[in-house]
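Protein chains in written order, with numbering that gives the first Met the number 0: chain A, 0 to 544; chain B, 0 to 286; chain C, 0 to 323.
Treat the hints with care, since some could be wrong.
Taking lysine-lysine pairs in the BS3-like style, the calculated list, with each CA pair at most 30 Å apart, reads [as the list claims (entries may be wrong)]:
{"no.": "1", "chain 1": "C", "residue 1": "Lys86", "chain 2": "C", "residue 2": "Lys60"}
{"no.": "2", "chain 1": "B", "residue 1": "Lys173", "chain 2": "C", "residue 2": "Lys140"}
{"no.": "3", "chain 1": "C", "residue 1": "Lys228", "chain 2": "B", "residue 2": "Lys173"}
{"no.": "4", "chain 1": "A", "residue 1": "Lys543", "chain 2": "A", "residue 2": "Lys523"}
{"no.": "5", "chain 1": "C", "residue 1": "Lys86", "chain 2": "A", "residue 2": "Lys198"}
{"no.": "6", "chain 1": "C", "residue 1": "Lys60", "chain 2": "A", "residue 2": "Lys209"}
Distance ranges between label pairs, derived from CB positions [unchecked claim]:
{"no.": "7", "chain 1": "A", "residue 1": "Gly444", "chain 2": "C", "residue 2": "Tyr185", "range": "33 to 43 Å"}
{"no.": "8", "chain 1": "C", "residue 1": "Leu66", "chain 2": "A", "residue 2": "His212", "range": "21 to 31 Å"}
{"no.": "9", "chain 1": "A", "residue 1": "Gly207", "chain 2": "C", "residue 2": "Leu66", "range": "23 to 33 Å"}
{"no.": "10", "chain 1": "A", "residue 1": "Ala46", "chain 2": "C", "residue 2": "Gly186", "range": "16 to 26 Å"}
{"no.": "11", "chain 1": "B", "residue 1": "Leu148", "chain 2": "C", "residue 2": "Gly300", "range": "22 to 32 Å"}
{"no.": "12", "chain 1": "C", "residue 1": "Leu66", "chain 2": "A", "residue 2": "Asp246", "range": "46 to 56 Å"}
{"no.": "13", "chain 1": "C", "residue 1": "Tyr62", "chain 2": "A", "residue 2": "His212", "range": "24 to 34 Å"}
{"no.": "14", "chain 1": "C", "residue 1": "Pro132", "chain 2": "B", "residue 2": "Ala33", "range": "29 to 39 Å"}
{"no.": "15", "chain 1": "C", "residue 1": "Leu77", "chain 2": "A", "residue 2": "Ala46", "range": "29 to 39 Å"}
{"no.": "16", "chain 1": "C", "residue 1": "Tyr62", "chain 2": "A", "residue 2": "Tyr142", "range": "29 to 39 Å"}
{"no.": "17", "chain 1": "B", "residue 1": "Gly35", "chain 2": "A", "residue 2": "Glu333", "range": "39 to 49 Å"}
{"no.": "18", "chain 1": "A", "residue 1": "Asp253", "chain 2": "C", "residue 2": "Leu77", "range": "34 to 44 Å"}
{"no.": "19", "chain 1": "C", "residue 1": "Tyr185", "chain 2": "A", "residue 2": "Val36", "range": "17 to 27 Å"}
Keep in mind the hints are simulated off the structure, nothing from the lab.
By construction, the Cβ of each residue, glycine as well, lies at the ideal position given by its N, Cα and C atoms.
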Amino acid sequence: MMSRPCRFRAAVLAAAIGGALLGSGCRRAPAAAAAPVRQVLRFGNSAEPQDLDPQNIQGITELNIVLALFDSLVEMDPHDLHPVPGQAESWEISPDGLTYTFHLRPNLRWSNGEPLTADDFIQSYRRILTPSFAAEYAYLIYYYVQGAKEYYEGTLADFSRVGFHAPDARTLVVSLKQPTPFLLKIIACHYVWDAVPVKTIARFGPVGQKGSHWTRAGNLVGSGPFLLTEWIPNQRIVVARNPYYWDAGQVKLDGIEFYPIDDQNVEERMFRTGQLDLTFDFLPNKLDTYRRDHPDELRIDPWLGIYYYNLNVTQPPFNDPRVRRAFALAIDREALVKDVMRGGQVPAYAASYPGTSGYVPRARLAGGVAEARRLLAEAGFPGGRGLPPIELLYNTNVAYNRAMAEAIQAMWRQNLGAAVTLTTQEWKVYLDSMQTGHYQIARAGWIADYADPHVFLEIYGTGNGNNYTRWSNPEYDRLLDRALHAPDEAARYEIYQQMDAILVRECPVIPLFYYTKTYAISPKVQGWWPTLLDEHPYKYVYLKN
Amino acid sequence: MPAEIEAGNSLWSGAWHRLKQNRLALGGGLTVIAMGLVCAIGPLFAQSYEDQNLDLGAVGPRAAHWLGTDTLGRDLFARILYGGRISLMVGLVATFVALVIGVSYGAIAGYVGGKVDAAMMRIVDILYALPFTIFVILLMVFFGRNIFLLFFAIGAVEWLTMARIVRGQVLSIKKMEFIEAARALGFGRRRIIFRHVIPNVLGPIIVYTTLTIPAVMLLEAFLSFLGLGVQPPMSSWGALIKDGADKMEEFWWLLVFPGGIFSLTLFSLNFLGDGLRDALDVRSAKD
Amino acid sequence: MLRYIGRRLLEAIPVMLVIITGTFFMQRFVPGGPFTAEKAVTPEVERNLEAYYHLNDPLWKQYVDYLWDLTPKRFHPLALTQGFDLKEAFGIDFRPSFKYPNRTVNEIIADKLPVSLELGLLSLGVALAIGLPLGILAAVKRNSWIDYICSSVAMTGICVPTFVLGPILVLVFAIHLGWFNASGWYGPIDRVLPSLTLGSVYAAYIARLTRGGFLEVLHQDYIRTARAKGASEARVIFRHALRGGLLPVVSFLGPAVAGILTGSFVIETIFQIPGLGREFVNSAFNRDYTLILGTVILYAGFIIALNLVVDVVQVWMNPKLKFE
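If we strip away everything but chain A, and leave its shape as in the complex, we get (with noise of 0.2 Å):
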């Protein structure tokens, strides 16, 4: 029965539904078009970020701020992001690959106009290095830097015996521990090479410090196209152009403005209203209405990742590689893509991105749910009998994991009769669980921090801290060292294929997709083309009217 207040309560809710319906479609109406377009992106930045100071962040909602305000020796090609000369304008690499030598432009400033010399470079990796400062990336220099690594721990205590030295002013010689051939892709693509300026950073506490205030706005000083001017915390950070950056002349912004918006649905709201140009991501439902009614409005773009499960080679049932091959096989990835994802992923059969640097995997996940079935079992599960209870674990903070989940564990239970349940973890504990192994199947995922197929590979050596599956094998761990070692990029792309087939043969993780950068940009933002990184060097972009 229907009484009266529940009809009006009815009507109300109807009336409140239609409204938000009529909204729908709509968006504001677009200002007068006849006044010039302010030259100031506004970006939809994801999240508060920790910290401005480069070496002491590990984020992508650091690294789109830092990219405004800091330079490195080399920058990135905006297009495929190839290593272009930066504060170095020149290099030489020694013949053995173990010496580099960066010859940095003249005239190079600080954004308060104090120079920028290679001093400044010794000083700065030597206070990423110090052990009391404790700085997270760190890593990717003492992997490679001569010294490093023991300077970091503690066991050396004089600098001046780890591989970097300045013979003069406008020079930087790197001498590393053994070859990297990708070194100049990580100074390129990452912010932890880049010069810090420690005469300002003392002025506010002791160098080897975290926390200082030196990053704040007014007190920040760096070398790339923008400066700092405004920083309200979980609001806004507002970046002005820097007249002392040795290429303004480039520069066509005036400013950037980054909002920390956590949430997609209200991105995407802000978008609409006008009040963002770009969003930092993208929610699979509204694909479809992207694509039919705003299409210049939307960009799918690679991205440099990779969603996949990790399995847990410890423990039964995937201590045996049959019935991991068997569980990867047995997943349809185009209708995991096509239904699920939306948002034009690619679905991956090899644990190694294609296109990475030129390097595509041969190996390839082959067969079907068929060959599934047998090798299950072979394996002694015809069917899916007899298996051990099976847990997946995913993380809830991102959407669609879950839908991702439930299709998987739907496809499992329907071509091998495997029944697994499904667990969700918060976040850390989720991460948690990974890292002290206490998992069968967990969700994960990966995103390159430099554009070589050696970042995907590396995961996978015995003991590596992101090898979650604890999975170990001799030969893969030979083919590693002698990637390195390997005399031109031909040659080590041979290697990394060979390791790609053990990866496929293997199974040690279950390869899904290879991850899209979806999201909205307004058609007046010019200059920012996709690149696998994700990463634009905001000197070519620019607002067209």
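Following the hints, complete the assembly by docking chains B and C onto the known chain A.
Relative to chain A, chains B and C alone:
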């Protein structure tokens, strides 16, 4: 001479009589019971709540799916039924736990007074302030994914406000004549509290209970949004509504149907609660 | 009454101590720490991090050190006027946050609390302005259609959760009609939608509890006496029934106001408000030990203070009660 002697009426039989005459409350009660039955038995006859149809995706109401499907092609009607089981169970059980603990605790503290009251209320303050999110994470970590754990966690939080409200009410009637009369008659404290005090503060308790049930259901939704609640593919009304709210522009049925049923249940509970309150309020009945 | 208040303030000290101790140890037992991240830190980095944050000291020592940092050591209250720095004024050091190492917990709270307070007070105002009249009207016109309408409107605040109402309001008023920003906390106009959304929930509670409370009171003998003596209905309501009728609302408001003043996670997410509500939840997820403790201490302070206020008000409302 009066034709018949007026039969004596206890509080409860009189209340039941008055309740039966309140058609709105009866309607509410019947709706709630019907909802409970449908959710309890309905799933036996409905489709599967977890079978996916990825090709179909989210489609609106039609013959094969009365209320449409969600983005994975799962039947929404079935999901609402199964979700109703969870939500109603959580709502009723957690609220019952909160009710039993809160009412007893608040009544004892309010009636006994003095240092006992002070100590009991300071414990309530402490429990209020301890961080709930961490508490729930800890429970989930140490005791696993038991759904009864969820009820416990939610009940453990909701009883606190109930206790404070009950205490406030008890304080206000503590000094009334009928309580003094009961004391003069030599009744023990326990009897006075449970048979004289509590029945007379039932009004606000009932009202607050009808408010606690939706709060509990939405708290469960919040927890599952944070990864701490009911596990997929199972869902609950709160989780379905949250999912629908995210997608309401594209797939309106994902919000309207779970939200509508949720609201209907709450409105019915509300009218039932009002009816109960009126029925138990002896004085107002006589006007 | 002053003795009562003094006694309660003294009692607050052991209460606070138990809360701090409980939280300190509870948070350490949860798996995962502030540095557990998707890219695992190497053992060398982990060692250095733990050394820097003193996380490898024995737990009891960390606890004692933390308590010592929290103890007031000096008394310069004037320092509070130049930026709310508790360390300068009283020597209370909440330490830096783990997640945001260049901000101290004190700073984070000092930045965000005023925002939450503003949102909370506005929402409370909305809730009282809507809830009280609805509840009183419903009680006075019990079981008439006015009662049903008022109760139903009130119930809408509960049946339509904030995470549904908020986006609907934004879609209708910000996107379709263009009267407001879609989110943000820049100017006075940005206060409207969030406080309406948050206020609606509390309005519902207040309306329902007020109705229940008034119904208890309106049929008491002393009200009949007042009516028999010829008092107008308004006078009956506002002068005689109000104190008793608001009793359940006041009991509810104590902890509710503490909650509303320390921010709402959902509202702050939907409207991008830089308030404290999100920090309560996010600090737990980030295992940001110092920020968890800072927010818990703040919230505990509010709860203790507000429960005290409620208890005093309750005695004032009922002349038969005395301070015990």
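Q. Looking back at the numbered hints, which does the structure fail to meet, lowest number first?
A. none
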